[in-house]
Amino acid sequence: DTEVTQTPKHLVMGMTNKKSLKCEQHMGHRAMYWYKQKAKKPPELMFVYSYEKLSINESVPSRFSPECPNSSLLNLHLHALQPEDSALYLCASSQVLLAGGFTGELFFGEGSRLTVL
Amino acid sequence: KNEVEQSPQNLTAQEGEFITINCSYSVGISALHWLQQHPGGGIVSLFMLSSGKKKHGRLIATINIQEKHSSLHITASHPRDSAVYICAVSLSSGSARQLTFGSGTQLTVLP
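Going line by line, the protein sequences match chains Z and G.
Basically this note's numbering = 1-based index in the first sequence + 41.
Basically this note's numbering = 1-based index in the second sequence + 144.
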């Protein structure tokens, strides 16, 4: 199984709603990532978890709250979002953290397309 | 100047043509990745290179570490190859950014 599964594929929410995006992998990877991608732009890193601990937070607003309940699951909790937060949210995983010269392949999910009204 | 530059930004080809997409980088890297993103959004990792050349089916990727340049070639292109191709690098220094992405090349292969 070399899949990263994201749900939901599409989400429409109002600015006062609370929703969550989910990501799951069963490859035994210990690093998991959230990326945000706007149209015609490359992905931007948001958060990185390594061994279920938050390793990197790229100055993301607190209305985005990540959670890693176990080594296979990664959630992104959304609250009080703004219309400019509408984007494709991509989850990815790698065997271990890609840092300090360590090389490894990154596996991406299909993404969750979020629209904030 | 971006650390990773791709060219061309857009490329239209006829089915069967040989295609080349280029990537240049200005930083020390430990690996270079070629990724494919279809209109639906999901990203697929095509290659990870740290030296030389790799081939998978009709796709070939090469890297020249001295010149800080990589190319992705598609032989006998097909409309299903239409996608955005993204070059990304893993920095050799301890970096929090994980991958640094190029801006992507939109490839359209016409039947």
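Heads up, some of the hints might be wrong.
Capping the alpha-carbon separation at 25 Å, the derived lysine to any residue pairs in SDA-like fashion look like this [to be verified]:
hint: 1; chain 1: Z; residue 1: 81; chain 2: G; residue 2: 197
hint: 2; chain 1: Z; residue 1: 77; chain 2: G; residue 2: 184
hint: 3; chain 1: Z; residue 1: 81; chain 2: G; residue 2: 164
hint: 4; chain 1: G; residue 1: 197; chain 2: G; residue 2: 157
hint: 5; chain 1: Z; residue 1: 82; chain 2: G; residue 2: 160
hint: 6; chain 1: Z; residue 1: 82; chain 2: G; residue 2: 186
hint: 7; chain 1: Z; residue 1: 82; chain 2: G; residue 2: 196
hint: 8; chain 1: Z; residue 1: 63; chain 2: G; residue 2: 182
hint: 9; chain 1: G; residue 1: 197; chain 2: G; residue 2: 161
hint: 10; chain 1: Z; residue 1: 77; chain 2: G; residue 2: 186
hint: 11; chain 1: Z; residue 1: 50; chain 2: G; residue 2: 190
hint: 12; chain 1: Z; residue 1: 60; chain 2: G; residue 2: 184
hint: 13; chain 1: G; residue 1: 199; chain 2: Z; residue 2: 60
hint: 14; chain 1: Z; residue 1: 82; chain 2: G; residue 2: 183
hint: 15; chain 1: Z; residue 1: 81; chain 2: G; residue 2: 153
hint: 16; chain 1: Z; residue 1: 81; chain 2: G; residue 2: 237
hint: 17; chain 1: Z; residue 1: 77; chain 2: G; residue 2: 183
hint: 18; chain 1: Z; residue 1: 81; chain 2: G; residue 2: 192
hint: 19; chain 1: Z; residue 1: 82; chain 2: G; residue 2: 168
hint: 20; chain 1: Z; residue 1: 77; chain 2: G; residue 2: 250
hint: 21; chain 1: Z; residue 1: 63; chain 2: G; residue 2: 183
hint: 22; chain 1: Z; residue 1: 63; chain 2: G; residue 2: 188
hint: 23; chain 1: Z; residue 1: 81; chain 2: G; residue 2: 156
hint: 24; chain 1: Z; residue 1: 82; chain 2: G; residue 2: 212
hint: 25; chain 1: Z; residue 1: 79; chain 2: G; residue 2: 161
hint: 26; chain 1: Z; residue 1: 63; chain 2: G; residue 2: 146
hint: 27; chain 1: Z; residue 1: 82; chain 2: G; residue 2: 210
hint: 28; chain 1: Z; residue 1: 82; chain 2: G; residue 2: 157
hint: 29; chain 1: Z; residue 1: 81; chain 2: G; residue 2: 228
hint: 30; chain 1: Z; residue 1: 50; chain 2: G; residue 2: 180
hint: 31; chain 1: Z; residue 1: 82; chain 2: G; residue 2: 170
hint: 32; chain 1: Z; residue 1: 94; chain 2: G; residue 2: 250
hint: 33; chain 1: Z; residue 1: 79; chain 2: Z; residue 2: 111
hint: 34; chain 1: Z; residue 1: 50; chain 2: G; residue 2: 247
Per label pair, the in silico range of CB-to-CB distance [to be verified]:
hint: 35; chain 1: Z; residue 1: 121; chain 2: G; residue 2: 183; range: 26 to 32 Å
hint: 36; chain 1: G; residue 1: 198; chain 2: Z; residue 2: 158; range: 22 to 28 Å
hint: 37; chain 1: G; residue 1: 200; chain 2: Z; residue 2: 59; range: 39 to 45 Å
Derived from the structure by calculation, the hints contain no laboratory data.
Built from N, CA and C at the ideal position, the CB exists for glycine as well.
Consistency of the hints with the structure:
1. Restraint check: the Cα-Cα separation between residue 81 of chain Z and residue 197 of chain G comes to about 29 Å, which exceeds 25 Å; the hinted pair is violated.
2. With a CA separation close to 15 Å, the supplied pair residue 77 of chain Z and residue 184 of chain G stays within the 25 Å bound.
3. Only pairs whose Cα atoms come within 25 Å are accepted, and residue 81 of chain Z paired with residue 164 of chain G is accepted, the gap being roughly 20 Å.
4. Under the criterion of a C-alpha separation no larger than 25 Å, the hint pairing residue 197 of chain G with residue 157 of chain G is consistent with the structure, at around 24 Å.
5. The suggested pairing of residue 82 of chain Z with residue 160 of chain G is violated, with an alpha-carbon distance near 28 Å, which exceeds 25 Å.
6. Under the criterion of a C-alpha separation no larger than 25 Å, the hint pairing residue 82 of chain Z with residue 186 of chain G is consistent with the structure, at around 14 Å.
7. Proximity of residue 82 of chain Z to residue 196 of chain G is assessed by CA-CA distance (about 29 Å); at most 25 Å being required, the pair is judged violated.
8. Annotation: proposed proximity of residue 63 of chain Z to residue 182 of chain G holds, straight-line Cα distance about 21 Å (limit 25 Å).
9. This hinted pair checks out: residue 197 of chain G and residue 161 of chain G have alpha carbons roughly 21 Å apart, not beyond 25 Å.
10. Only pairs whose Cα atoms come within 25 Å are accepted, and residue 77 of chain Z paired with residue 186 of chain G is accepted, the gap being roughly 12 Å.
11. Restraint check for residue 50 of chain Z and residue 190 of chain G: satisfied, since their Cα atoms lie roughly 23 Å apart, inside the 25 Å limit.
12. About 22 Å separates the Cα atoms of residue 60 of chain Z and residue 184 of chain G, which keeps this hinted pair within 25 Å; it holds.
13. At most 25 Å may separate the alpha-carbon atoms for a hinted pair to count; residue 199 of chain G and residue 60 of chain Z exceed this at roughly 42 Å.
14. Between residue 82 of chain Z and residue 183 of chain G, the direct Cα distance comes to roughly 13 Å. Compliance with the 25 Å bound is thereby established for this hinted pair.
15. Taking the CA atoms of residue 81 of chain Z and residue 153 of chain G, the gap is about 11 Å. The hint holds against a cut of 25 Å.
16. Only pairs whose Cα atoms come within 25 Å are accepted, and residue 81 of chain Z paired with residue 237 of chain G is rejected, the gap being roughly 28 Å.
17. This hinted pair checks out: residue 77 of chain Z and residue 183 of chain G have alpha carbons roughly 16 Å apart, not beyond 25 Å.
18. Of the pairs offered as hints, the one joining residue 81 of chain Z and residue 192 of chain G holds, with about 23 Å between alpha carbons and a cut-off of 25 Å not exceeded.
19. A distance of roughly 18 Å separates the Cα atoms of residue 82 of chain Z and residue 168 of chain G; the hinted pair therefore holds under the 25 Å criterion.
20. Straight-line distance between C-alpha atoms of residue 77 of chain Z and residue 250 of chain G comes to about 19 Å, which keeps the hinted pair within the 25 Å bound.
21. A threshold of 25 Å between alpha carbons decides the hint, and for residue 63 of chain Z with residue 183 of chain G the separation of about 21 Å falls inside it, so the pair holds.
22. At most 25 Å may separate the alpha-carbon atoms for a hinted pair to count; residue 63 of chain Z and residue 188 of chain G meet this at roughly 19 Å.
23. About 17 Å separates the Cα atoms of residue 81 of chain Z and residue 156 of chain G, which keeps this hinted pair within 25 Å; it holds.
24. With a CA separation close to 23 Å, the supplied pair residue 82 of chain Z and residue 212 of chain G stays within the 25 Å bound.
25. Note on residue 79 of chain Z and residue 161 of chain G: the hinted pairing is violated, with a Cα-Cα distance of about 31 Å set against a maximum of 25 Å.
26. Taken as a hint, the residue 63 of chain Z and residue 146 of chain G pair is broken in the structure, with Cα atoms around 32 Å apart against an allowance of 25 Å.
27. Among the hinted pairs, residue 82 of chain Z with residue 210 of chain G is inconsistent with the structure: their alpha-carbon atoms are about 28 Å apart, more than 25 Å.
28. Simply put, residue 82 of chain Z and residue 157 of chain G have alpha-carbon atoms about 22 Å apart, close enough for the 25 Å limit, and the pair holds.
29. About 9 Å separates the Cα atoms of residue 81 of chain Z and residue 228 of chain G, which keeps this hinted pair within 25 Å; it holds.
30. Distance restraint check for residue 50 of chain Z and residue 180 of chain G: the Cα-Cα separation of roughly 19 Å lies within the 25 Å cut-off, and the hinted pair is therefore satisfied.
31. Proximity of residue 82 of chain Z to residue 170 of chain G is assessed by CA-CA distance (about 20 Å); at most 25 Å being required, the pair is judged to hold.
32. In summary, the hint linking residue 94 of chain Z to residue 250 of chain G is not supported, as the alpha carbons are separated by about 36 Å, beyond the 25 Å threshold.
33. About 28 Å separates the Cα atoms of residue 79 of chain Z and residue 111 of chain Z, which puts this hinted pair outside 25 Å; it is violated.
34. Between residue 50 of chain Z and residue 247 of chain G the alpha-carbon distance is near 24 Å, which keeps this suggested pair within the 25 Å criterion.
35. In this structure the hint that residue 121 of chain Z and residue 183 of chain G lie 26 to 32 Å apart at CB holds, the actual value being about 30 Å.
36. Separated by about 45 Å at the C-beta atoms, residue 198 of chain G and residue 158 of chain Z break the suggested range of 22 to 28 Å.
37. As the Cβ distance of residue 200 of chain G to residue 59 of chain Z is approximately 43 Å, the hint placing it in 39 to 45 Å holds.
When the structure is compared with the earlier hints, violations turn up for hints 1, 5, 7, 13, 16, 25, 26, 27, 32, 33, 36 and for no others.
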